[in-house]
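2 protein chains.
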Amino acid sequence: MAKGLRSRAENYSEWYNDIVKMADLAENSAVRGCMVIKPYGYAIWEKMQQQLDAMFKETGHVNAYFPLFIPKSFLSKEASHVEGFAKECAVVTHYRLKNAPDGSGVIVDPDAKLEEELIVRPTSETVIWSTYKNWIQSYRDLPLLINQWANVVRWEMRTRLFLRTTEFLWQEGHTAHATKQEAIEETHQMLEIYAKFAEEYMAVPVVKGVKTANERFAGADDTFCIEALMQDGKALQAGTSHFLGQNFAKAFEVKFASKEGGLEYVWGTSWGVSTRLMGALIMAHSDDDGLVLPPKLAPYQVVIVPIYRGAAGLEALKDKCFELRDQLKAVGISVKVDADDKQTPGWKFAEYELKGVPLRIAMGPRDLENGTLEVVRRDTKEKQNLPMEGIAETAKRLLDEIQENIYKKAFDYRAAHTTPVDTFEEFTDVLENKTGFVLAHWDGTAETEEKIKELTKATIRCIPLDQPLEEGKCVLTGKPSQRRVLFAKAY
Amino acid sequence: MAKGLRSRAENYSEWYNDIVKMADLAENSAVRGCMVIKPYGYAIWEKMQQQLDAMFKETGHVNAYFPLFIPKSFLSKEASHVEGFAKECAVVTHYRLKNAPDGSGVIVDPDAKLEEELIVRPTSETVIWSTYKNWIQSYRDLPLLINQWANVVRWEMRTRLFLRTTEFLWQEGHTAHATKQEAIEETHQMLEIYAKFAEEYMAVPVVKGVKTANERFAGADDTFCIEALMQDGKALQAGTSHFLGQNFAKAFEVKFASKEGGLEYVWGTSWGVSTRLMGALIMAHSDDDGLVLPPKLAPYQVVIVPIYRGAAGLEALKDKCFELRDQLKAVGISVKVDADDKQTPGWKFAEYELKGVPLRIAMGPRDLENGTLEVVRRDTKEKQNLPMEGIAETAKRLLDEIQENIYKKAFDYRAAHTTPVDTFEEFTDVLENKTGFVLAHWDGTAETEEKIKELTKATIRCIPLDQPLEEGKCVLTGKPSQRRVLFAKAY
Numbered sequence: 001m002a003k004g005l006r007s008r009a010e011n012y013s014e015w016y017n018d019i020v021k022m023a024d025l026a027e028n029s030a031v032r033g034c035m036v037i038k039p040y041g042y043a044i045w046e047k048m049q050q051q052l053d054a055m056f057k058e059t060g061h062v063n064a065y066f067p068l069f070i071p072k073s074f075l076s077k078e079a080s081h082v083e084g085f086a087k088e089c090a091v092v093t094h095y096r097l098k099n100a101p102d103g104s105g106v107i108v109d110p111d112a113k114l115e116e117e118l119i120v121r122p123t124s125e126t127v128i129w130s131t132y133k134n135w136i137q138s139y140r141d142l143p144l145l146i147n148q149w150a151n152v153v154r155w156e157m158r159t160r161l162f163l164r165t166t167e168f169l170w171q172e173g174h175t176a177h178a179t180k181q182e183a184i185e186e187t188h189q190m191l192e193i194y195a196k197f198a199e200e201y202m203a204v205p206v207v208k209g210v211k212t213a214n215e216r217f218a219g220a221d222d223t224f225c226i227e228a229l230m231q232d233g234k235a236l237q238a239g240t241s242h243f244l245g246q247n248f249a250k251a252f253e254v255k256f257a258s259k260e261g262g263l264e265y266v267w268g269t270s271w272g273v274s275t276r277l278m279g280a281l282i283m284a285h286s287d288d289d290g291l292v293l294p295p296k297l298a299p300y301q302v303v304i305v306p307i308y309r310g311a312a313g314l315e316a317l318k319d320k321c322f323e324l325r326d327q328l329k330a331v332g333i334s335v336k337v338d339a340d341d342k343q344t345p346g347w348k349f350a351e352y353e354l355k356g357v358p359l360r361i362a363m364g365p366r367d368l369e370n371g372t373l374e375v376v377r378r379d380t381k382e383k384q385n386l387p388m389e390g391i392a393e394t395a396k397r398l399l400d401e402i403q404e405n406i407y408k409k410a411f412d413y414r415a416a417h418t419t420p421v422d423t424f425e426e427f428t429d430v431l432e433n434k435t436g437f438v439l440a441h442w443d444g445t446a447e448t449e450e451k452i453k454e455l456t457k458a459t460i461r462c463i464p465l466d467q468p469l470e471e472g473k474c475v476l477t478g479k480p481s482q483r484r485v486l487f488a489k490a491y
Numbered sequence: 001m002a003k004g005l006r007s008r009a010e011n012y013s014e015w016y017n018d019i020v021k022m023a024d025l026a027e028n029s030a031v032r033g034c035m036v037i038k039p040y041g042y043a044i045w046e047k048m049q050q051q052l053d054a055m056f057k058e059t060g061h062v063n064a065y066f067p068l069f070i071p072k073s074f075l076s077k078e079a080s081h082v083e084g085f086a087k088e089c090a091v092v093t094h095y096r097l098k099n100a101p102d103g104s105g106v107i108v109d110p111d112a113k114l115e116e117e118l119i120v121r122p123t124s125e126t127v128i129w130s131t132y133k134n135w136i137q138s139y140r141d142l143p144l145l146i147n148q149w150a151n152v153v154r155w156e157m158r159t160r161l162f163l164r165t166t167e168f169l170w171q172e173g174h175t176a177h178a179t180k181q182e183a184i185e186e187t188h189q190m191l192e193i194y195a196k197f198a199e200e201y202m203a204v205p206v207v208k209g210v211k212t213a214n215e216r217f218a219g220a221d222d223t224f225c226i227e228a229l230m231q232d233g234k235a236l237q238a239g240t241s242h243f244l245g246q247n248f249a250k251a252f253e254v255k256f257a258s259k260e261g262g263l264e265y266v267w268g269t270s271w272g273v274s275t276r277l278m279g280a281l282i283m284a285h286s287d288d289d290g291l292v293l294p295p296k297l298a299p300y301q302v303v304i305v306p307i308y309r310g311a312a313g314l315e316a317l318k319d320k321c322f323e324l325r326d327q328l329k330a331v332g333i334s335v336k337v338d339a340d341d342k343q344t345p346g347w348k349f350a351e352y353e354l355k356g357v358p359l360r361i362a363m364g365p366r367d368l369e370n371g372t373l374e375v376v377r378r379d380t381k382e383k384q385n386l387p388m389e390g391i392a393e394t395a396k397r398l399l400d401e402i403q404e405n406i407y408k409k410a411f412d413y414r415a416a417h418t419t420p421v422d423t424f425e426e427f428t429d430v431l432e433n434k435t436g437f438v439l440a441h442w443d444g445t446a447e448t449e450e451k452i453k454e455l456t457k458a459t460i461r462c463i464p465l466d467q468p469l470e471e472g473k474c475v476l477t478g479k480p481s482q483r484r485v486l487f488a489k490a491y
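Protein sequences appear in the order of chains A and B.
Read left to right, the first sequence gives residues 1 to 491 (the numbering used here).
Read left to right, the second sequence gives residues 1 to 491 (the numbering used here).
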């Protein structure tokens, strides 16, 4: 176990905090609930951004930027939206400070009060649809397929690094369509992209599903989501894609002249993933020695550590290390050589283990003689002595194997922790003792959903899209049900 | 002249507004002073970001993210900083809204008042140095070479799209060093990077210089800048790099154990460029037909327009258009094919001229027969009939020529509008009639600088770094001066 890092068994929650801190991912800032994303953590987020951005662009989306501030009155225009978002938010009321008359510092200038307060965006539907109103006149202007990378603020009472912070970074796609069908297809397309990203890049298997009315985005007709399972058996919502119907078009009077000559409200979608994905990434794969990163998102996939004594020893190895680095780079592998002589190899080994670097290559004087290298996989900790000859291809293969292996591990964990139950006794027993996803029949009412939550703290994560129809009885009420839904305790 | 676009001669300022609007770059939002950056404008900004980010990383910098909010008390910690930045800013005073008792909407909840107000960051020195305090203990922790891409807010009274907006996007580098010398070198390095970016990518020649004490960044010991000249003879500050001395280290008590065993304050720099660069880019090159983009920053460098009658006509050309696109893409050129049959070729020609696409290629049935293409350069409007054979290489060469030509044009304009003057009469005459940069002797006092500004509206843009020492007399006071400084009216 890494020094200073608590184990998962000891305290899962503190283990998570320790990794975030010790792997240099993020920390709390001086501002309550706001985090500082440190360079190593940010480098992972950049990798996520690049991949997602490429996937958005491949499917015809473009980026734009909308204002940080939302006039208070905008929030009230969509009735359910205001209920969901207007409550806990940062409110700008003044636009100037001035020197305190007593010389004690600066104070808010009472003469600089805004006529209408501004809300720091918790999400941008309102400001974007108020803009779309001017951009959309005719079916020729549709679809609009726009995404924005931005910061948003939701005044959370209890915060946790990456998982729930007052300010977080995200992308929010906002699309406008001429037909309902097209908007629904877009909603599904983006859900598929999120699922593909989670599984193929983050190596995190996800369940695709639709939220119950209770858990729906405030202002949506339907909310689709991907749900992932963490190692403590709790679920984490990793991305959402909303079919907005014509709700925001109606709230902001966005109509278009159709091909047929009518005047119709526009159909909308919105979809987003955030720095919360960092939390999912950390919790899905990491172990008691620290972070485990999927090679596709690791800031550097390989670290090369020379093992030497004294300056002459380093000199003898250095060229070979950089030659090796260049060989790896040539096949598209990202590499760091750590020849820093302020730290010992042992310290470096622990450090890169903590930071989840997928492959570590150590090179000592004997390796130079024998034409070998010591290669250690982060996921299995397997140590191998491999020939230098052909190492680039070997490393490439190993990285692919690691990517696959950690996905498989997470997949197997989830499979072992997804339990169909038919009685409420089983339901509570599994939740308490085995933990994980529980597939159970539900009578479809909000009341039962609420009651189950009260009794067990478990929520319906989603109605899985691939769940077969099956006659059954609600675990709580015994009323008839057509298919099982996915329950879990959740982040 | 493009339809609806005013000419530079008619009204330079409205011409600028027209281009920003008609080329789909940006627009004002519903929130006073905040802009919406539209997809085409944002695509240019993304190109800028990518290039700058690569240049920062090549020089060892990494990205991170710091909070949007700054506690009010932080601003007061650096005496001159608070004078410069605390005044016009967005102040968050509350964290909750609630339903109005009269049902009229939502109101600020008076019970949710923050104990300490939060300022939306106008720049991040304070919050970053308060964080660096925890990151820096020893010389081993130095240097810190960190950049952040972020939004910032300064409550501007008079705003103009891109040039001065309440919210804008930028990057801000914040570095920490063990020695003064190293910090000064960093300041210069970043100035050089900005100058290189402006000249080689934006095709905008710049003067590198140092600001007078009056124009210095609030909290810096020295502010270096790049200054560009716009087509109306006004200067635009395009980037700044600040040597912060130990000011922020002292304000936030950031000390390090030196190699020699002492405890010393850390040396700092900060440097930034913003979406203001978009304004510079637009104004430096564009003409009365619209935007002119340097190929290196154009979202697409070539547009291919098929000229045809009817669906069958398009069918006959389409394959060849896409073949051509693929040929261009293969040599690294970004291309759009516009086969949209809702618009005429004439409309498209005007549209892409307005949008500044560097090269337009039209292909009609006769071209198909003759193996030719009609190629039009945006910068010179020169029309050429060129063989299809080898078009990719030709296009590549033409794009290089355009990049070079628009730089040369801007360079020549600046050369023709940089005037050394020796009397105050000449000084005012040049400023009023010829416009542009004026190189004049100045006695080095803030009083004279202020007086000249009052009399002429011209400010000292900078003391150019490459200006030779030369004995002379101040244009206003006649007092002795060692070298000329650069005056201009400015944005």
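Don't take every hint at face value.
[As the list claims (entries may be wrong)] Restricting the straight-line Cα-Cα distance to at most 35 Å, the calculated cross-link-like pairs of lysine-lysine (DSBU-like) are:
hint, chain 1, residue 1, chain 2, residue 2
1, A, 47, B, 3
2, A, 47, B, 98
3, A, 87, B, 3
4, A, 250, A, 3
5, A, 180, B, 196
6, B, 3, A, 57
[Stated by the list, open to error] To be clear about the criterion: a stretch of chain A counts as covered by chain B if any three or more of its residues have a C-beta under 8 Å from a C-beta of chain B, and this derived list gives those stretches:
hint, stretch
7, 31–39
8, 54–68
9, 113–119
Worth flagging that the hints you see were computed from the coordinates, not collected in a lab.
Glycine residues also receive a C-beta, built at the ideal position from the N, C-alpha and C atoms.
- prompt: Where does the structure disagree with the numbered hints, that is, which hint numbers, in rising order?
  reply: Hints 1, 2, 3, 4 and 5 not satisfied by this model.
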